[in-house]
Amino acid sequence: MASDARNVPKDTTINCDICIVGGGAAGITLAKALIGKSYQVVLLESGGIQAADELTNSLRDGENIGLPYFPIKDLTNRALGGNTSRWANFIVPFDDIDFEKRDWVPYSGWPFTRETLMPYYEPANKLCGIEDFNYDPHELAARIGDPIFRPLPLDPQRIETKMWRFYLPPLNFKTAYFAEIEQAPNIETYLYANVVDIQVNDAVKQVERIKVAAINDNQFWVSSRVFILAMGGIEIPRLLLASNQVQSSGLGNQYDLVGRFYQEHPHFYRSAIVLIPEPDQYPALYTWEAMTFHQVLAGLTPAPALQAKEQILNGSVELANAVNPWGSSLFADGFLNHVQSVLSDLRSLSARGLRNARFRDWFNLRTYRRPVLEFHPRMEQAPNPDSRITLSSEKDMLGLPRIRLDWRLNDLDRRSLHRFNEVIAEEIGKAGIGRVRIEYTETDTPWPPPWQEPDGPSSMGGWHYMGATRMHDDPKQGVVDADCRVHGLSNLYISSSSVFPTGSFANPTLTIVALALRMVEHLDDRLRTQTL
Amino acid sequence: MNRRMLLRLTPLFAVSLAAPQFWHLLHAPTPMMSKLERQVYQKLHHLFRHVSSAKAIGAEYLRNKPQSLDAQMLLASLSASCELQSLVRMDDVTLRNWLIQRQQQDFAEGKTVRVNGWVLSQTEVELYTLLALT
Numbered sequence: 038m039a040s041d042a043r044n045v046p047k048d049t050t051i052n053c054d055i056c057i058v059g060g061g062a063a064g065i066t067l068a069k070a071l072i073g074k075s076y077q078v079v080l081l082e083s084g085g086i087q088a089a090d091e092l093t094n095s096l097r098d099g100e101n102i103g104l105p106y107f108p109i110k111d112l113t114n115r116a117l118g119g120n121t122s123r124w125a126n127f128i129v130p131f132d133d134i135d136f137e138k139r140d141w142v143p144y145s146g147w148p149f150t151r152e153t154l155m156p157y158y159e160p161a162n163k164l165c166g167i168e169d170f171n172y173d174p175h176e177l178a179a180r181i182g183d184p185i186f187r188p189l190p191l192d193p194q195r196i197e198t199k200m201w202r203f204y205l206p207p208l209n210f211k212t213a214y215f216a217e218i219e220q221a222p223n224i225e226t227y228l229y230a231n232v233v234d235i236q237v238n239d240a241v242k243q244v245e246r247i248k249v250a251a252i253n254d255n256q257f258w259v260s261s262r263v264f265i266l267a268m269g270g271i272e273i274p275r276l277l278l279a280s281n282q283v284q285s286s287g288l289g290n291q292y293d294l295v296g297r298f299y300q301e302h303p304h305f306y307r308s309a310i311v312l313i314p315e316p317d318q319y320p321a322l323y324t325w326e327a328m329t330f331h332q333v334l335a336g337l338t339p340a341p342a343l344q345a346k347e348q349i350l351n352g353s354v355e356l357a358n359a360v361n362p363w364g365s366s367l368f369a370d371g372f373l374n375h376v377q378s379v380l381s382d383l384r385s386l387s388a389r390g391l392r393n394a395r396f397r398d399w400f401n402l403r404t405y406r407r408p409v410l411e412f413h414p415r416m417e418q419a420p421n422p423d424s425r426i427t428l429s430s431e432k433d434m435l436g437l438p439r440i441r442l443d444w445r446l447n448d449l450d451r452r453s454l455h456r457f458n459e460v461i462a463e464e465i466g467k468a469g470i471g472r473v474r475i476e477y478t479e480t481d482t483p484w485p486p487p488w489q490e491p492d493g494p495s496s497m498g499g500w501h502y503m504g505a506t507r508m509h510d511d512p513k514q515g516v517v518d519a520d521c522r523v524h525g526l527s528n529l530y531i532s533s534s535s536v537f538p539t540g541s542f543a544n545p546t547l548t549i550v551a552l553a554l555r556m557v558e559h560l561d562d563r564l565r566t567q568t569l
Numbered sequence: 016m017n018r019r020m021l022l023r024l025t026p027l028f029a030v031s032l033a034a035p036q037f038w039h040l041l042h043a044p045t046p047m048m049s050k051l052e053r054q055v056y057q058k059l060h061h062l063f064r065h066v067s068s069a070k071a072i073g074a075e076y077l078r079n080k081p082q083s084l085d086a087q088m089l090l091a092s093l094s095a096s097c098e099l100q101s102l103v104r105m106d107d108v109t110l111r112n113w114l115i116q117r118q119q120q121d122f123a124e125g126k127t128v129r130v131n132g133w134v135l136s137q138t139e140v141e142l143y144t145l146l147a148l149t
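Those sequence lines, one after another, are chains A and B.
In terms of my numbering, the first sequence opens at residue 38 and continues consecutively.
In terms of my numbering, the second sequence opens at residue 16 and continues consecutively.
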């Protein structure tokens with residue numbers, strides 16, 4: 038059943054076994070997995086079923102004092118479904134190495150291996166709309182059956198091909214699963230319900246209740262055996278920091294960790310370009326053509342051996358057709374044409390054949406294939422305690438301090454991108470596919486380069502908010518433990534990418550959903566056997 | 016123009032068409048080159064339909080190169096793994112394949128050179144520079 042929080046009798050207390058705060062991918066996954074169980078569940082969503090009204094949206098604004106980033110008010114979507122109502126449905130699991138402690142990546146290492154998450158990846162994959170858990174590039178390419186869609190023959194000890202899967206059109210978790218949740222007798226959903234405070238007992242060992250406010254000045258309380266924060270990687274640290282009546286630094290923040298280690302997947306548009314003179318070498322599997330027509334997309338990633346040898350981060354490069362390569366100012370010096378000409382000469386491709394290929398490609402509106410493609414890297418970010426979310430002195434209309442975001446990258450981020458580009462360039466040359474021109478240099482300033490699309494290099498995040506309530510067995514190094522329970526608080530859990538200690542190259546949603554499924558199993562065991 | 020005049024002009028016209036193809040033979044190699052080096056140079060030159068492009072890349076490399084280079088040094092480097100006599104005996108296809116293989120080997124060994132942002136193999140840059148120097 039779904040109710041409107043604006044109509045709940047003021048100052049009443051709703052009792053339940055499990056209270057989920059947030060109705061996005063994590064919250065809906067949790068609620069769906071709890072359907073039919075013997076627990077009374079309350080799901081609180083700040084927005085409504087459709088896109089939020091202007092007043093509700095005003096709650097999410099904040100300030101940015103760090104790297105150029107998306108407007109803070111656009112980071113979250115206050116409506117059922119959360120950011121799945123506007124995502125691109127990129128699905129891919131993390132690598133083994135993403136869970137490991139890497140000596141060259143400070144603060145790396147999850148409290149468990151990928152093996153722990155594997156039983157949950159497969160059902161999570163289905164929830165994200167992909168029936169089979171298959172990410173083998175050769176098998177997925179074989180399904181397409183067109184040789185132009187094939188993994189590039191690069192040295193797997195240096196550069197691997199990873200695959201994304203897609204459900205198109207992107208799957209909105211609200212549309213797919215909320216009807217089922219709404220009909221579940223053990224789940225009550227409250228819309229327009231904004232959590233503004235978490236109240237703990239005097240010993241700061243247990244959450245007693247949370248305060249819910251609606252934008253019409255209504256307010257009420259929810260008391261529960263277990264609380265799960267699932268409002269996303271921005272709002273969760275905000276609420277923990279703001280809930281500071283008993284613990285002045287905020288809940289879970291006894292070691293000043295809440296809000297720190299904020300990570301993104303830095304996106305760098307056109308960090309390099311690759312010239313591929315022979316049309317039959319065109320890497321279609323790595324372009325949006327594969328995504329659009331075959332619901333897969335390949336990316337080049339640094340092999341684990343390369344990451345260790347070069348001491349760099351994980352990452353991925355998608356190849357995108359250059360927009361108007363000969364018309365762009367980047368190529369005005371004609372140097373691209375010189376490189377293209379000599380490559381063609383040595384490969385015995387006639388000038389006439391090349392001109393024809395260019396002509397055909399220019400006017401081939403079906404595929405937009407071009408002999409020049411851009412690197413679009415999406416990098417793992419180095420965990421960095423100075424990259425952080427804090428509270429602003431400004432408050433929203435419900436009295437909750439707004440967030441202040443200070444997103445930062447460091448030298449490891451810079452070196453990783455640079456060396457990754459270089460190794461791909463070497464491998465593409467070695468395989469005889471073409472030549473790469475690197476657009477960034479390691480000494481470029483400012484770095485990362487400012488947003489300049491479409492006519493120059495640029496950088497931005499990927500709408501992936503990770504790390505600000507990181508997971509670690511040691512409370513001095515993490516906000517939550519391996520079960521995603523906030524250290525020191527027996528009944529407060531976090532289900533979000535904010536618990537990721539490191540962010541991989543992979544888009545976070547599949548891993549968020551897998552962690553949520555794992556959490557339900559953990560809670561099921563715990564609630565059956567322990568008194569909270 | 017009558018027919019006799021046309022016949023007289025025809026050889027001149029043919030020479031004018033063919034001359035650019037052999038222009039490099041007249042002035043290209045440096046005087047210091049041996050006959051063998053000159054033959055190798057000519058074979059390499061012959062591989063390119065777009066000599067001006069190769070020269071442009073070589074010139075760009077030279078522009079940012081701190082130390083001086085000459086054609087003989089470049090030829091010596093190019094022929095490090097294959098004697099000049101062998102190179103001269105190669106037909107165009109074999110020579111082209113040998114160069115491609117060397118370039119790929121360079122990439123495998125990290126012997127790359129950055130020219131105007133492009134990551135090129137040492138072999139190809141030496142080749143283009145040789146053409147630019149002469």
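Any given hint might turn out to be false.
[Said to hold, decoys possible] Which stretches of chain B does chain A cover? Using the computed rule of at least three CB atoms under 8 Å from a CB of chain A, they are:
{"no.": "1", "region": "51 to 57"}
{"no.": "2", "region": "110 to 116"}
[To be verified] Cβ-Cβ distance ranges computed for the label pairs, FRET-style:
{"no.": "3", "chain 1": "B", "residue 1": "116", "chain 2": "A", "residue 2": "123", "range": "48 to 54 Å"}
{"no.": "4", "chain 1": "B", "residue 1": "119", "chain 2": "A", "residue 2": "510", "range": "53 to 59 Å"}
{"no.": "5", "chain 1": "B", "residue 1": "113", "chain 2": "A", "residue 2": "179", "range": "48 to 54 Å"}
{"no.": "6", "chain 1": "A", "residue 1": "133", "chain 2": "B", "residue 2": "119", "range": "27 to 33 Å"}
{"no.": "7", "chain 1": "A", "residue 1": "133", "chain 2": "B", "residue 2": "101", "range": "44 to 50 Å"}
{"no.": "8", "chain 1": "A", "residue 1": "182", "chain 2": "B", "residue 2": "109", "range": "45 to 51 Å"}
{"no.": "9", "chain 1": "A", "residue 1": "452", "chain 2": "B", "residue 2": "112", "range": "51 to 57 Å"}
{"no.": "10", "chain 1": "A", "residue 1": "159", "chain 2": "B", "residue 2": "64", "range": "35 to 41 Å"}
{"no.": "11", "chain 1": "A", "residue 1": "179", "chain 2": "B", "residue 2": "88", "range": "46 to 52 Å"}
{"no.": "12", "chain 1": "A", "residue 1": "511", "chain 2": "B", "residue 2": "83", "range": "56 to 62 Å"}
{"no.": "13", "chain 1": "B", "residue 1": "50", "chain 2": "A", "residue 2": "452", "range": "47 to 53 Å"}
[To be verified] Which chain B residues stay away from chain A? Per the calculated CB distances, all over 12 Å, these:
{"no.": "14", "residue": "69"}
{"no.": "15", "residue": "72"}
{"no.": "16", "residue": "84"}
{"no.": "17", "residue": "87"}
{"no.": "18", "residue": "88"}
{"no.": "19", "residue": "94"}
{"no.": "20", "residue": "97"}
{"no.": "21", "residue": "100"}
{"no.": "22", "residue": "103"}
{"no.": "23", "residue": "120"}
{"no.": "24", "residue": "134"}
{"no.": "25", "residue": "148"}
Since the hints were made in silico from the structure, they are not lab data.
Using N, Cα and C, we set each Cβ at its ideal position, and we do this for glycine too.
Verification of the hints:
{"no.": "1", "hint": "51 to 57", "verdict": "violated (count 0)"}
{"no.": "2", "hint": "110 to 116", "verdict": "holds (count 3)"}
{"no.": "3", "hint": "116(B) x 123(A): 48 to 54 Å", "verdict": "50 Å, holds"}
{"no.": "4", "hint": "119(B) x 510(A): 53 to 59 Å", "verdict": "48 Å, violated"}
{"no.": "5", "hint": "113(B) x 179(A): 48 to 54 Å", "verdict": "35 Å, violated"}
{"no.": "6", "hint": "133(A) x 119(B): 27 to 33 Å", "verdict": "31 Å, holds"}
{"no.": "7", "hint": "133(A) x 101(B): 44 to 50 Å", "verdict": "48 Å, holds"}
{"no.": "8", "hint": "182(A) x 109(B): 45 to 51 Å", "verdict": "37 Å, violated"}
{"no.": "9", "hint": "452(A) x 112(B): 51 to 57 Å", "verdict": "37 Å, violated"}
{"no.": "10", "hint": "159(A) x 64(B): 35 to 41 Å", "verdict": "55 Å, violated"}
{"no.": "11", "hint": "179(A) x 88(B): 46 to 52 Å", "verdict": "50 Å, holds"}
{"no.": "12", "hint": "511(A) x 83(B): 56 to 62 Å", "verdict": "60 Å, holds"}
{"no.": "13", "hint": "50(B) x 452(A): 47 to 53 Å", "verdict": "50 Å, holds"}
{"no.": "14", "hint": "69", "verdict": "5 Å, violated"}
{"no.": "15", "hint": "72", "verdict": "5 Å, violated"}
{"no.": "16", "hint": "84", "verdict": "18 Å, holds"}
{"no.": "17", "hint": "87", "verdict": "22 Å, holds"}
{"no.": "18", "hint": "88", "verdict": "21 Å, holds"}
{"no.": "19", "hint": "94", "verdict": "17 Å, holds"}
{"no.": "20", "hint": "97", "verdict": "16 Å, holds"}
{"no.": "21", "hint": "100", "verdict": "22 Å, holds"}
{"no.": "22", "hint": "103", "verdict": "19 Å, holds"}
{"no.": "23", "hint": "120", "verdict": "8 Å, violated"}
{"no.": "24", "hint": "134", "verdict": "4 Å, violated"}
{"no.": "25", "hint": "148", "verdict": "16 Å, holds"}
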